[in-house]
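Asks: Listed here are the chains, written in short residue letters.
Protein chains: 4
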Amino acid sequence: MSPVQTRLESLEQLRLRLREFVAERDWEQFHSPKNLAMALAVECAELVELFQWLTEEQSAGLDAGRRARAEAELADILVYLVRIADRLDVDLLEAASRKLGENSRKYPAARVRGKALKYDEYD
Amino acid sequence: MSPVQTRLESLEQLRLRLREFVAERDWEQFHSPKNLAMALAVECAELVELFQWLTEEQSAGLDAGRRARAEAELADILVYLVRIADRLDVDLLEAASRKLGENSRKYPAARVRGKALKYDEYD
Amino acid sequence: MSPVQTRLESLEQLRLRLREFVAERDWEQFHSPKNLAMALAVECAELVELFQWLTEEQSAGLDAGRRARAEAELADILVYLVRIADRLDVDLLEAASRKLGENSRKYPAARVRGKALKYDEYD
Amino acid sequence: MSPVQTRLESLEQLRLRLREFVAERDWEQFHSPKNLAMALAVECAELVELFQWLTEEQSAGLDAGRRARAEAELADILVYLVRIADRLDVDLLEAASRKLGENSRKYPAARVRGKALKYDEYD
Chain A
1 MSPVQTRLES
11 LEQLRLRLRE
21 FVAERDWEQF
31 HSPKNLAMAL
41 AVECAELVEL
51 FQWLTEEQSA
61 GLDAGRRARA
71 EAELADILVY
81 LVRIADRLDV
91 DLLEAASRKL
101 GENSRKYPAA
111 RVRGKALKYD
121 EYD
Chain B
124 MSPVQTRLES
134 LEQLRLRLRE
144 FVAERDWEQF
154 HSPKNLAMAL
164 AVECAELVEL
174 FQWLTEEQSA
184 GLDAGRRARA
194 EAELADILVY
204 LVRIADRLDV
214 DLLEAASRKL
224 GENSRKYPAA
234 RVRGKALKYD
244 EYD
Chain C
247 MSPVQTRLES
257 LEQLRLRLRE
267 FVAERDWEQF
277 HSPKNLAMAL
287 AVECAELVEL
297 FQWLTEEQSA
307 GLDAGRRARA
317 EAELADILVY
327 LVRIADRLDV
337 DLLEAASRKL
347 GENSRKYPAA
357 RVRGKALKYD
367 EYD
Chain D
370 MSPVQTRLES
380 LEQLRLRLRE
390 FVAERDWEQF
400 HSPKNLAMAL
410 AVECAELVEL
420 FQWLTEEQSA
430 GLDAGRRARA
440 EAELADILVY
450 LVRIADRLDV
460 DLLEAASRKL
470 GENSRKYPAA
480 RVRGKALKYD
490 EYD
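Chains as they are written, first to last, in our numbering: chain A, 1 to 123; chain B, 124 to 246; chain C, 247 to 369; chain D, 370 to 492.
What you were told as hints is all true, and nothing was included just to trick you.
Computed cross-link-like contacts, DSBU-like style, restricted to lysine-lysine with a CA-CA straight-line distance of at most 35 Å: (1) A:Lys118 to D:Lys475; (2) C:Lys364 to B:Lys241; (3) A:Lys99 to B:Lys222; (4) C:Lys352 to B:Lys222; (5) B:Lys241 to B:Lys222; (6) A:Lys115 to D:Lys487; (7) D:Lys475 to A:Lys115; (8) A:Lys106 to A:Lys118; (9) D:Lys468 to A:Lys118; (10) C:Lys361 to A:Lys115; (11) D:Lys487 to A:Lys99; (12) B:Lys241 to B:Lys229; (13) B:Lys222 to C:Lys364; (14) C:Lys364 to B:Lys229; (15) D:Lys484 to A:Lys99.
No wet-lab data here; the hints were simulated from the structure.
Same shape as in the complex, but just chain A (with noise of 0.2 Å):
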């Protein structure tokens, strides 16, 4: 485990830095938002990976090893999270922010508690 670097302390410290170290490498050729999409879903499916055969009380349980891994891929999957709302100009946390008004509207806890399903699949 690597020695934690002085803790960021908000997304917009991270969207700046990271923005300083796409423009040292001169990266932002590559960064478009379809490579940056492409390259987020291969994060997010290499925490996949650890989970894919593990029951879900296991992945509720992981080891020090498996977590600290998980624990890389989440790193991973923020950063390029962060760089396509930053090509895209998209504020994460205002568009979080209004999905959950949306779906506290389109999941009333009254309605669907207890039940997985999609809000057009309740009765």
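Following the hints, put chains B, C and D in place on chain A, whose structure we already have.
Replies: Same frame as chain A, now just chains B, C and D:
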């Protein structure tokens, strides 16, 4: 486009709001890390779908309709990412800080400038 | 459920029929290996979505509606898989034959029986 | 590159050979449709990874090393696709035949020539 809810101010606030949302619906039972990783991968693929037949240039200049759909997908991805990190007790900003430190060492700017290879492919 | 067309009899027949389908629509221009890989990943995610909130047991006993959706997704996956193999000039059955040989060597039955690890994790 | 095994001659032969392979290793217990769908998505992402920083043109002209990796990934995808179809009792060639019929109706050549839209986006 839905009205913006009061904008969340941090990942930490989003994490706590999502805990409430899930608890009110008794959905913890479905939110094993395994299932959440699957859900996260599905949301990423919905983002990929927006771009799959576009050129890279087109992906960087979305019309308003596609941009709104991209924003909604990015929100879904962030929501599941924060949920799974919470279930695994991972601090996302700390994990990203550590990862940035590792990437700075693996990809020195002078060595990788303008090249898109994996760190073990540079000569 | 749609009526079954005359059933294709081999992967080779499917490959040729897909070539025609694409040529009639002038869609070769969209079918770069890069784009087809994205489309394939999207179809796989649609399959994953069917299972994400089900237990493993439930996934093995789908009701008729979900089973029909799974069948349609499997068809989509096969279609894109055959298309990308054709674009890359890969013989799928030959590639699978070779892979089975490799897997027999990497995972000797006596060593891995009843265990789900990657080949470099067995001691 | 490994030597080619005796080449399998059909999907049906591959299906039966995989059943044996899994039974010899007592791996049926891991092969729920849910888990197989995850494994399939992971293999697709490994294919996507090969292409993520390439242009579409580069993806159509792979060097020998990348082409061999693509071939191996395509084989993995076919293997898991045949396994999950077997578990769900789906005849892949029949499903693809039906899907081709549906796609011919949804995308009449005269209407969609040269355009890459979803069927509900054509005017």
